[in-house]
Amino acid sequence: MICGRKARPAAESPRAPSGGAGGSRWSGRALKKMGLTEDEDIKQMLQGSLLWKVRAKGGSRERLFRLQEDGVTVCFEGRFGRSRSPQSFSVTHIEGVREGHQSEGLRKHGAAFPERRCFTLVFKGRRKNLDLAARSDELARHWVQGLGKIMGRLQAMSQMEKLDHWIHGVLQKADKNKDNKMSFQEVKSMLRMLNIDMDNVYASKLFKECDHSDNGRLEGHELEEFCRRLLRRPELEELFGRYSGEDRVLSAEELRDFLRDQGEDSSLRQARAIIRKYELNEKGRAGTDGGVVGWALLELQGVMDGVVMKLCLEMSPPQWGPPKLARQQDLMMLDGFMMYLLSAAGDILNQEHTKVHQDMSQPLSHYFISSSHNTYLTRNQIGGTSSTEAYAKALRAGCRCVELDCWEGSEGEPVVYHGHTLTSKILFRDVIESIRRTAFERSPYPVILSLENHCGLEQQATMARHMKAILGDLLLTQPLQGQDPHNLPSPEQLKEKILVKGKKLPEPWHEPQSVTSLLDPEEEGEEEEEEEEKLPERSNRQVRGSSRALVPRDHFIPVVLGDHGVLVVLMDHSILVVLMAHGILVVLRDHRVLVALGDHSTLECPSSAGPRDRPLGRQVATRAGVVLTPRWFPQAKDALQVSPELSALVVYCQAVPFPGLAQALHHPRPCHVSSFSERKARKLIKEAGPALARYNARQLSRVYPLGLKMNSANYNPQEMWNAGCQLVALNFQTPGYEMDLNTGRFLGNGGCGYALKPPCLRSPPGEGAQRLELHIRVITAQQLPKLNREKGSSIVDPFVRVELHGVPADCAKQQTRHKQNNGFNPRWEETLRFQVRVPELALLRFVVEDYDSTSCNDFVGQFTLPLPSVRTGYRHIHLLSKDGASLSPATLFVHIQCKTL
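Start counting the sequence shown at 1; every next residue gets the next number (full-length UniProt numbering).
Calculated from the structure, these hints are not laboratory results. Certain hints may be false.
In the EDC-like style, the derived pairs of lysine to aspartate or glutamate whose C-alpha atoms are separated by at most 16 Å in a straight line are [to be verified]: (1) K819 / E829; (2) K468 / E186; (3) K208 / E186.
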């Protein structure tokens, strides 16, 4: 007995799902279309399985998981059906399936389950991983293999097949009583699911016209005819007719004319190749590429067995016969044309840019580099959860620079978390393990580990040991042989290498067998970036006193040392200053020591001992008669010191305070990296933007969000890219237009995380490309998602906003009028015009929102891409959700025209 119930035998088959898929005539058709109905793995998934769901905070619950008849939805509910309502997810939202204890959750809480029975579903966007454990090895294998097969089939689907699959699912849901017939009320329900608020009179008229049996029900070919009328694309029919003429068939020559107007390869050979690839054969299949069902808009296979060929023949011009004959004669009919426009060939993104196409042999400073701030966080920086999975997600999204906030941990193990907050802690070594596994899954180009170091010497050494042991040969520990020291190496030279960005011991002070105290901390500029926004005004008042003659206020960086004074580093790196209650200690680079006493007299203490005899900080303190103790430092132990072990791992990314543009431009140090808060970066851009661009042509700079943003909000990265800043770090866990721009910036060049800066930023000052005039005709949208699924009568009133992001003079936005109650196939036919002065830096963002006259408009979907990656002509735009997941089959249809000014 279990809790008063009789225990279930382990071999008992799971019960039927609530509200089952039943005997609907179209049940299983989606899987048949994918060729998976007889697959043993899929059969097990359809039957359902009891799996343990391992929770992130520990503990596990057994749940019944079952694949639905649509082939993409997996529902799960309590073992005894006591859950309030079944939960579900779509296989289309799964990014990958990991076998074994390959997630943070299973490594922490999955010890009770054999590793071979465990697997993890990794979702796209912000949804958390789903950690599962099966009752047997065989059951786990069925689910891992079955999900992999479905994901593979879905990935290979054309846009038209995805649309067909989507419509098929809607029909299945709309047929409430599963009798394979649709009453008028069920049809109205289906229309609402499709995001259409069709007038009752018109809907009734259309229903009656298709109800040839006159029994108040649509079935078989009647329902197919209704859907065919619904799915018509008048704008594509008009476009087709414009080029095909009265016979409504495109010849190769006519298709060549269309390609020429599109700005593409317009040879007859290319036209014939397109016809053979996208025109349909007698079985309704695409051409020579062996693609699967192409008549997706027409067939709706679940309700049309035996009807497809009849429809093809009915719609084909009689003089050309069946589609096969048309293809054999190098002719294209409407549906082949539609398949072509809905394929990747008709996408707005230049498909050549979906692979690495830029020169990757230039110095690192010549690239924008996808960068993450507070990478470990899954939510906000005050009470959010830290997770190694956040690193995996960022790296798989193409991020090439991740941040590790390292703090003293228990038992000698450093931890990563947002210090002085309620965020959870994760072990440094676990983070490095996660980085090793995922660093080069998406891109082979170098990954930079940006260390924000708050650890003492012992745990710094531990960090170094972990990185060397775990990363092995992936970790760059020595300069590349033959590399010009005046230039950074290229991404190509650093392929599959991991670089450490952090403090490095200055060469004159370096002591291999001991530890040097660094009295030039960069915490204000980097390691304690959140503290720099909180510096007390009193520190400035302290410095403005007796030190004014020695240290001009605009040339120093102050760090408060508790109640004992202020540590100051001069911007030109020539002097170190400690302000104390009884005087000012000044250390010059030639090892002379000046002590300015309270009465403004000065005592010079020449140093006879070399810097290698003992640490310079202690030597200077001794000569000056000052005792330095750990309580001088703002952190426990010796966090302002750097161990030689950690310092040795810093090769090309040495974190230093910004010396000022004049000094940096006069004495460039390619291996030095300075960091700026967004506020400081904006100030610098405003005051000396061109000079900053010249600086960024030689050295890397990092920009990060203000530390005071409790909700981990981001800033607009475009203004930083305009000045050539490479490491523009954003909170990847925070969705919004800022992350849309970041995703768009790195969408091209194969999504490798490196985007070559335009020539004007690689060798400034320089002129950009020719100015452009951009005309965007927003024509239609298709199958926009419902925003309020709980309220069936809720239909969106969509409008499209097109935004241009670039240099300040180029930034602009325009929008269409909204369309009332139509998210299925709204049509605007509105042209928006933009002038672009620096097209190489511009990003184009398409946004669809739901108009609301009384409150803020609701976000529906968006897509952002670099302007140089935009293809002209008639194009489809595949919309993404707020967190970057696909909203397939939702699309925009536009016409793009560019004119050189």
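Outcome of the hint check:
Between K819 and E829 the alpha-carbon distance is near 12 Å, which keeps this suggested pair within the 16 Å criterion. For the given pair, K468 sits about 64 Å from E186 by alpha-carbon distance, which is inconsistent with the 16 Å threshold. Our distance criterion of 16 Å between C-alpha atoms is met by K208 and E186, whose separation comes to about 14 Å.
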